[in-house]
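Line by line, the protein sequences are chains A and B.
Quick note on numbering: the first sequence equals residues 1 to 416 in UniProt numbering.
Quick note on numbering: the second sequence equals residues 1 to 416 in UniProt numbering.
Honestly, the hints are just simulated from the structure, not real lab data.
A hint or two may mislead.
Any copy, or any two copies together, can satisfy a pair, since identical chains are not distinguished.
Below, computed lysine to aspartate or glutamate pairings styled on EDC-like, alpha-carbon distance capped at 16 Å [to be verified]:
| # | residue 1 | residue 2 |
| --- | --- | --- |
| 1 | 229 | 92 |
| 2 | 161 | 395 |
| 3 | 161 | 27 |
| 4 | 259 | 247 |
| 5 | 2 | 234 |
| 6 | 390 | 79 |
| 7 | 2 | 140 |
| 8 | 161 | 397 |
| 9 | 161 | 211 |
| 10 | 90 | 11 |
| 11 | 259 | 236 |
| 12 | 90 | 122 |
| 13 | 259 | 31 |
Computed from a predicted model, the values in this text were never measured in an experiment.
There are 2 protein chains.
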Amino acid sequence: MKCEIIAIGSELLTPFRQDTNSLYLTERLNELGVVVAFKTIVGDRRKDLTNAIRTALGRVDIIITMGGLGPTEDDLTREAWADALGTELKRDADIVGQLYVRAAQRRWQLTENNLKQADMLDGAQMLENPHGTAPGQWVDTVFGAHRKLGMLLPGPPSEIKPMFDEQCIPRLREIVPQRFIATRTLKAAMIGESHADARIAPIYSQFTDVETTILAHLGDIQLTLISTKSTMEEAEARVNELASLIEEELDDLVYSSAKQSESLEQIVLYYLEMRGATLSVAESCTGGLIAERLTSIAGSSRSFLGGAVVYSNELKTEFAGVPEELIEEKGAVSREVATALAEGIRRRCRSTYGVGVTGIAGPGGGNEEKPVGLVYIAISDGVQTEVVQKNFSGDRERIRFYASQQALDMVRRQLM
Amino acid sequence: MKCEIIAIGSELLTPFRQDTNSLYLTERLNELGVVVAFKTIVGDRRKDLTNAIRTALGRVDIIITMGGLGPTEDDLTREAWADALGTELKRDADIVGQLYVRAAQRRWQLTENNLKQADMLDGAQMLENPHGTAPGQWVDTVFGAHRKLGMLLPGPPSEIKPMFDEQCIPRLREIVPQRFIATRTLKAAMIGESHADARIAPIYSQFTDVETTILAHLGDIQLTLISTKSTMEEAEARVNELASLIEEELDDLVYSSAKQSESLEQIVLYYLEMRGATLSVAESCTGGLIAERLTSIAGSSRSFLGGAVVYSNELKTEFAGVPEELIEEKGAVSREVATALAEGIRRRCRSTYGVGVTGIAGPGGGNEEKPVGLVYIAISDGVQTEVVQKNFSGDRERIRFYASQQALDMVRRQLM
Numbered sequence: 001m002k003c004e005i006i007a008i009g010s011e012l013l014t015p016f017r018q019d020t021n022s023l024y025l026t027e028r029l030n031e032l033g034v035v036v037a038f039k040t041i042v043g044d045r046r047k048d049l050t051n052a053i054r055t056a057l058g059r060v061d062i063i064i065t066m067g068g069l070g071p072t073e074d075d076l077t078r079e080a081w082a083d084a085l086g087t088e089l090k091r092d093a094d095i096v097g098q099l100y101v102r103a104a105q106r107r108w109q110l111t112e113n114n115l116k117q118a119d120m121l122d123g124a125q126m127l128e129n130p131h132g133t134a135p136g137q138w139v140d141t142v143f144g145a146h147r148k149l150g151m152l153l154p155g156p157p158s159e160i161k162p163m164f165d166e167q168c169i170p171r172l173r174e175i176v177p178q179r180f181i182a183t184r185t186l187k188a189a190m191i192g193e194s195h196a197d198a199r200i201a202p203i204y205s206q207f208t209d210v211e212t213t214i215l216a217h218l219g220d221i222q223l224t225l226i227s228t229k230s231t232m233e234e235a236e237a238r239v240n241e242l243a244s245l246i247e248e249e250l251d252d253l254v255y256s257s258a259k260q261s262e263s264l265e266q267i268v269l270y271y272l273e274m275r276g277a278t279l280s281v282a283e284s285c286t287g288g289l290i291a292e293r294l295t296s297i298a299g300s301s302r303s304f305l306g307g308a309v310v311y312s313n314e315l316k317t318e319f320a321g322v323p324e325e326l327i328e329e330k331g332a333v334s335r336e337v338a339t340a341l342a343e344g345i346r347r348r349c350r351s352t353y354g355v356g357v358t359g360i361a362g363p364g365g366g367n368e369e370k371p372v373g374l375v376y377i378a379i380s381d382g383v384q385t386e387v388v389q390k391n392f393s394g395d396r397e398r399i400r401f402y403a404s405q406q407a408l409d410m411v412r413r414q415l416m
Numbered sequence: 001m002k003c004e005i006i007a008i009g010s011e012l013l014t015p016f017r018q019d020t021n022s023l024y025l026t027e028r029l030n031e032l033g034v035v036v037a038f039k040t041i042v043g044d045r046r047k048d049l050t051n052a053i054r055t056a057l058g059r060v061d062i063i064i065t066m067g068g069l070g071p072t073e074d075d076l077t078r079e080a081w082a083d084a085l086g087t088e089l090k091r092d093a094d095i096v097g098q099l100y101v102r103a104a105q106r107r108w109q110l111t112e113n114n115l116k117q118a119d120m121l122d123g124a125q126m127l128e129n130p131h132g133t134a135p136g137q138w139v140d141t142v143f144g145a146h147r148k149l150g151m152l153l154p155g156p157p158s159e160i161k162p163m164f165d166e167q168c169i170p171r172l173r174e175i176v177p178q179r180f181i182a183t184r185t186l187k188a189a190m191i192g193e194s195h196a197d198a199r200i201a202p203i204y205s206q207f208t209d210v211e212t213t214i215l216a217h218l219g220d221i222q223l224t225l226i227s228t229k230s231t232m233e234e235a236e237a238r239v240n241e242l243a244s245l246i247e248e249e250l251d252d253l254v255y256s257s258a259k260q261s262e263s264l265e266q267i268v269l270y271y272l273e274m275r276g277a278t279l280s281v282a283e284s285c286t287g288g289l290i291a292e293r294l295t296s297i298a299g300s301s302r303s304f305l306g307g308a309v310v311y312s313n314e315l316k317t318e319f320a321g322v323p324e325e326l327i328e329e330k331g332a333v334s335r336e337v338a339t340a341l342a343e344g345i346r347r348r349c350r351s352t353y354g355v356g357v358t359g360i361a362g363p364g365g366g367n368e369e370k371p372v373g374l375v376y377i378a379i380s381d382g383v384q385t386e387v388v389q390k391n392f393s394g395d396r397e398r399i400r401f402y403a404s405q406q407a408l409d410m411v412r413r414q415l416m
């Protein structure tokens with residue numbers, strides 16, 4: 001079955017914004033064996049929108065629109081669907097009721113425009129939206145003598161993903177012919193893409209029935225193995241076989257090989273908890289990024305105590321007890337100060353491990369001796385302190401992320 | 001004049017790749033006054049490709065295809081254009097000659113497939129490609145009684161950009177009526193989309209010649225105003241007029257109205273520097289996110305000193321001097337502890353302002369009295385401390401982001 005994804009919003013036709021939701025939907029659709037044949041991006045003009053939907057109805061089986069379900073004047077997706085199908089919208093009393101209840105709970109004033117969100121296509125099923133106000137719609141109809149499936153989904157990623165996963169996929173599963181796809185994802189930190197590929201290409205190239213893709217992103221390599229077979233056992237056996245061989249080759253560089261791929265911060269917290277250990281961080285150039293990444297995981301408070309963002313020299317002394325003379329003598333960006341940060345924050349927080357990071361994230365602040373991208377990362381367990389020097393390339397964002405990635409990977413290795 | 005950009009390549013329909021060339025072309029087209037009304041992404045299937053081109057011929061004036069001009073089996077753009085226009089391809093002897101010369105220079109073996117690159121649409125002009133082998137084509141024809149302009153451009157960014165700039169833009173300039181486009185972006189924090197729309201719709205709906213779009217994302221509203229006129233003065237006057245009226249209505253909710261739109265963290269740092277003031281933060285539930293957002297901006301060290309991530313109660317006392325008894329009596333998530341965090345971190349860091357945040361980001365940890373989403377945010381200037389209570393909805397990521405957004409917006413308002 002062929003699908004077209006239509007992203008709606010005039011902002012997506014400016015030079016500054018791109019649709020990214022479709023990547024997620026494509027991945028989930030492919031898992032079901034549905035091919036995405038077209039993607040269309042169209043603005044908030046009713047005529048253009050109707051044209052895009054009618055075109056899709058003429059060339060594919062499944063049409064997904066994303067966006068334009070909000071309460072404003074330029075949310076016209078419902079109207080355009082009705083125009084394209086040659087049908088009418090009907091205001092659904094139940095949904096009107098729900099909108100009033102939700103507005104009352106949040107003490108919002110409901111406007112006439114808000115009620116547009118209760119307008120349903122003839123014969124459509126409502127898709128609930130627990131993460132926003134705009135309900136989606138599921139259409140299963142006949143158009144031009146062919147069965148067509150339509151989904152009207154909201155635009156925000158936090159709304160579209162759960163709605164698609166929980167309400168569209170189960171419905172699609174009942175309609176789309178069954179195929180079995182097994183996937184495995186291996187993740188490795190701080191290894192270059194071409195270096196990784198050179199090591200593993202001789203292995204995966206022998207598995208011609210397993211699709212292997214390598215994706216590199218900011219100090220992270222993600223290997224995705226996909227096998228499609230007529231039984232799940234067969235598909236899983238093939239990806240597992242290949243995964244084992246790759247893991248053997250890359251050894252301790254691989255930090256995650258679970259079916260449900262984990263992030264480096266999840267792995268670090270998992271190991272910390274398993275060992276009954278705690279962690280604190282003193283961050284200069286990463287400015288809170290390591291703490292932010294760890295605390296983004298629910299339950300992180302069991303192992304991550306907190307720490308300090310010590311951007312100024314005074315705070316390095318105040319919060320991590322780094323001697324003023326040491327900063328003066330060696331400079332704030334130095335092996336010695338990184339070590340003192342790790343040891344000092346560990347003592348102050350009474351944690352099992354302490355991490356210290358100091359460096360030059362740029363774009364300014366570098367010189368010949370200490371260039372932009374120079375970062376020292378230290379980890380202390382109270383007995384000894386390991387410190388590494390790195391020269392990262394890239395812009396401020398990249399350098400900061402690499403430094404946080406390196407720090408988390410060092411904690412992981414300590415715990416292994 | 002309306003344009004459609006068609007990106008060609010099956011890899012652009014996988015979860016892993018996106019078309020980015022269109023952003024560049026859109027920017028250049030907008031400068032000419034050409035509106036991009038549709039973008040379509042289609043794979044290397046001849047039938048789908050023909051369908052996409054024919055659809056575009058039916059709904060816009062200018063059609064640009066990107067990619068599919070190479071020498072391989074699945075480079076089918078030329079054939080699809082011929083199918084869509086109902087015309088024939090003719091092998092151009094001059095281009096064949098050029099291909100041979102180029103191959104000889106590079107000691108390539110020319111295959112029969114390579115010669116496909118010399119196949120021209122009837123009446124088309126060749127667009128030279130100094131950066132690759134595949135020449136482009138310029139089509140100026142009549143289809144369905146309307147004049148249509150077509151461009152067949154190569155896919156690689158290094159080839160398409162110079163070809164478009166040097167050979168397509170001069171041709172377009174002679175045909176497209178001269179128009180000028182002015183844009184303005186207004187940003188406001190912590191106001192709901194429909195609430196904002198209800199307040200400003202009466203204003204912008206009177207400016208029928210200015211296109212207004214509202215985009216909401218995690219506690220941020222972005223209003224884009226676009227005006228197209230025959231002189232730049234006129235276009236700018238219209239967007240400026242509308243922008244002033246909206247700013248007047250939304251008053252201090254608007255934090256950015258510059259031509260080049262700024263982020264909330266940039267605005268906060270800008271105001272801090274302007275006032276010669278400094279800031280420190282003590283973060284519990286946001287876990288470093290506020291510090292991370294501020295330090296992501298280059299030069300933030302001039303005004304942002306740092307702070308503490310005080311996830312555990314012990315660290316709230318250790319780093320921000322919050323009395324143990326206060327935490328015991330009122331609970332870590334309370335108005336009083338937020339206040340003590342703001343005041344304590346300000347004292348410890350000797351900054352002009354101190355911010356304290358404590359709350360329940362979830363998914364666990366909530367109860368009836370203190371539910372998930374409850375967050376207290378305090379800001380102290382040493383004389384007085386303002387504290388607000390918020391009940392944010394959404395998942396952990398949203399709650400944390402909203403809290404950081406609220407905190408930054410409170411700093412902004414203090415500084416105004």
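*Which numbered hints are broken by the structure, listed smallest first?*
1, 5, 6, 9 and 10
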